[in-house]
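**Q** Heads up: the protein sequence lines correspond to chains A and B, in order.
Numbering-wise (our numbering), the first sequence opens with residue -16 and increments by one.
Numbering-wise (our numbering), the second sequence opens with residue -16 and increments by one.
Be careful, since some hints might not be right.
Any copy will do: because identical chains look the same in the list, a pair fits if it lies in one copy or spans two.
[What the hints assert, rightly or not] No more than 25 Å apart at the CA atoms, straight line, and that leaves these computed lysine to aspartate or glutamate pairs for DMTMM-like: (1) 0 - 225; (2) 217 - 99; (3) 217 - 305; (4) 0 - 264; (5) 0 - 215.
Hint data in this document are derived by calculation from the structure and do not stem from the laboratory.
Number of protein chains: 2
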Amino acid sequence: MSSATRFLHVDEPLLFKRGGSLPSYTMAYETWGELNADASNAVLILTGLSPSGHAASSPADPSPGWWEPMVGSGKPINADHFYIISLNSLGSCKGSTGPASTNPETGKPYRLDFPELSIEDIATAAHKVIQHLGIEQLCTMVGPSMGGMSALAYLQQNPQGARHFLTISSSPCSEPFSIAIRSLQRELIVSDPAFNGGNYDDDNWPENGMRMARKLGMLSYRSAAEWRTRFERKEQNYFPTELFGMNYEVESYLEAAARRFIYSFDPCSYVYLSRSMDWFDVADGYPDLAAALAAIELRSARVLGVETDILFPVHQQRAIADTLSANNIQTAFTELPSLMGHDAFLADYKLFIPLVEDYFRQIKDEESLP
Amino acid sequence: MSSATRFLHVDEPLLFKRGGSLPSYTMAYETWGELNADASNAVLILTGLSPSGHAASSPADPSPGWWEPMVGSGKPINADHFYIISLNSLGSCKGSTGPASTNPETGKPYRLDFPELSIEDIATAAHKVIQHLGIEQLCTMVGPSMGGMSALAYLQQNPQGARHFLTISSSPCSEPFSIAIRSLQRELIVSDPAFNGGNYDDDNWPENGMRMARKLGMLSYRSAAEWRTRFERKEQNYFPTELFGMNYEVESYLEAAARRFIYSFDPCSYVYLSRSMDWFDVADGYPDLAAALAAIELRSARVLGVETDILFPVHQQRAIADTLSANNIQTAFTELPSLMGHDAFLADYKLFIPLVEDYFRQIKDEESLP
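Turn these sequences into a full structure, and let the hints guide you.
**A** Quick look at the structure:
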């Protein structure tokens, strides 16, 4: 855990959308900058599947965060003007309560006894932190990837929850191709004999399932065009060449990425969060997307997508932008020509920084922040 | 095995490109139509990874073949004019010698003792069948998918091997994204404990590895756009809803496709053929693709690709077409707007039939066949 992590212990039950509840729960988060006197300069970042709340370094924790070039003093999301909050999602394993947390009723980890997690529950728990911090309305909601889904759910639950909205490489619902990729990742993990119905431990870890699920993830996070340029058909000599694999650089790249991941994330948290994305459709129970978002009040929205993204395809981000526009919210949409696929917002900073910087400068001006 | 299958037993060694050899081997194939007096009307179809030689029905075997609408009397590849040969690839498990065949030296299946298989070996064995049939030069070589790789290798080995060439959804080499997909499929199979270093049997079959490899295959054979239209977010009720999966129709579709496949193909054959594709680069040892194909003599070539193909991306087929054109071969290239991805040549017949029919009518005229 980052030494900059703050915790909110909520001593009241959290009722889950699909049923079940937690008697109490903890939310882990970090902040940058200062909340101003009228609590009007708060920016909430909701994350993708795997990040912690440690979006960027700070005096309390100088280690680089997962969005280091984007968050902090003098950076595009500028801590000199804004009070920035980055949350670890409910259901994750980086400080917030999730399947790896201890169930107070049994003294053991929840694992598969954790209630069925929905994106809407992640949003509910995030709102609890914002209330706790004394923020009635966010200045800006920021949601990349899964965080954009959580942000849409948050705004649906709290139509006046934010004045500005930046969503990046996200979607209003999971489509079949993305469901298929995530479903297979989950199958890889839970069918590893070491997963053992959730009863793994440090000595019996579903290593193989986690490794292969991460490789499949990488296939969906990057693009064929990037790898063509980056790896061509170069051979690898980093790992021993194994039977039926590990001949080419692309294979050793995936292997190295997978090995870094295996023990860095709880397998149950992974499958719970993954499934919550498949279940998500912000228009569930509404006639269409416009109706689902109709109540949301925003002064502005900025939607960024990447044309090579196969996991959150850009037409879904265009759908968000078109719908917000049609609902009379001043919305700008940019399709970025990055080769880096879904991960571009974490990798292709030269394209993303100017756009995020520009949007936050515009917000600062509109809000007359010092 | 189809009752129409014919076998060629070759009682001489086959030396493999990467070393190793078979003391003798068998090739399984089927034919349609009659070879004419000067053996000038032969069409050879080299297949993708999994098909047998049973491309279409015939009086000897009326069951539908894997390319039923395309091959036979009155069909686009017309058995009324052409003598059509469809081969099971060397290394496969549908009658031709492969890892599942009995090693005459041990009396047991080769499994991992089978020599390292290259696409070039598949081509060498295919040429042996053509020689045996008394055909000096093919009228037309046809290669979809992996078969197009085998066809390029065949023509490189036999520059006057054919007068006409139809290649569909294939490529001159494997690119990193395709390698990554196939590498992960192989890892899924060989890391299944039941694979057991190739020592599986009917009661201990790497079911789980084969199932998940097939699902990953399906992800690469179809397209997100097709599934969006076909499945939307429809829920499934065909299979019991399992933990962390099987909620949506796309998941039950993949599960059903995977179950059909598990026992229909030998796991060792699968990983051998898969790896041979990754190794393939027709330009290996040449300065570039043009030099690699320079010696090939053809009267015409027809290259078909599909814009939604992520496994054999259409720019690779354009590269084949451009190179053949630059080498002064009369070549036509069509990029088909099918949603069905790599599998379109097996599924989207309304787009493919007119083009294949047209090319074979043109060949028949040029060749003055009756």
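**Q** Now, for every hint given, state plainly whether the structure supports it.
**A** Against the structure, the hints come out as follows:
1. 0 - 225: between (46 Å within a copy, 19 Å between copies)
2. 217 - 99: The answer is between: 20 Å across copies meets 25 Å, while 44 Å in one copy does not.
3. 217 - 305: Only across copies: residue 217 and residue 305 sit 24 Å apart there, 42 Å inside one copy, limit 25 Å.
4. 0 - 264: Answer is within; shortest intra-copy Cα gap is 13 Å, inter-copy 53 Å.
5. 0 - 215: Close across copies (23 Å), not inside one copy (46 Å); limit 25 Å.
Of the hints listed earlier, there is not a single one the structure fails to meet.
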